[in-house]
Amino acid sequence: YGSSFAQLQQTIRYGRQGQMPAQEQLQGNDKVHLLAAYVYSLSHGEKAPVADAQ
Numbered sequence: 160y161g162s163s164f165a166q167l168q169q170t171i172r173y174g175r176q177g178q179m180p181a182q183e184q185l186q187g188n189d190k191v192h193l194l195a196a197y198v199y200s201l202s203h204g205e206k207a208p209v210a211d212a213q
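Residue numbers (my numbering): 160 to 213.
No lab work stands behind these hints: they were computed from the structure. Accuracy of the hints is not assured; some may be wrong.
Pairwise CB distance ranges (calculated) [said to hold, decoys possible]:
#1 G204 <-> Q176: 16 to 22 angstroms
#2 G204 <-> Q184: 18 to 24 angstroms
#3 S163 <-> Q186: 27 to 33 angstroms
#4 K190 <-> S162: 18 to 24 angstroms
#5 S162 <-> L193: 16 to 22 angstroms
#6 S163 <-> E183: 15 to 21 angstroms
Each residue gets a CB set at the ideal place from its N, CA and C atoms; glycine is no exception.
Generate coordinates for the entire structure from the input sequences, incorporating the hints supplied.
So this is what it looks like as structure tokens:
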């Protein structure tokens, strides 16, 4: 869920109740950032905003 890069990161990091498990503990912060950038690029046809992995 989410159309912004930050919303995608949050969805991947914390999951969606009953829909998608949280990935932060499994993937780590850096991979969550990369996954969000990939998903963002699929729907926006451009690179995700450059930001330090949080």
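Now for the hints, and whether the structure bears them out:
1. Distance hint for G204 and Q176: a CB-CB separation of about 30 angstroms, inconsistent with the stated range 16 to 22 angstroms.
2. In this structure the supplied range 18 to 24 angstroms is violated for G204 paired with Q184, their Cβ-Cβ distance being about 31 angstroms.
3. Checked against the given bound of 27 to 33 angstroms, the beta carbons of S163 and Q186, roughly 20 angstroms apart, lie outside it.
4. About 21 angstroms separates the C-beta atoms of K190 and S162, a value consistent with the hinted range of 18 to 24 angstroms.
5. As the Cβ distance of S162 to L193 is approximately 19 angstroms, the hint placing it in 16 to 22 angstroms holds.
6. For S163 and E183, the hinted distance range of 15 to 21 angstroms is satisfied, since their beta carbons lie about 18 angstroms from each other.
Checked against the numbered hints given earlier, this structure breaks hints 1, 2 and 3; the rest are met.
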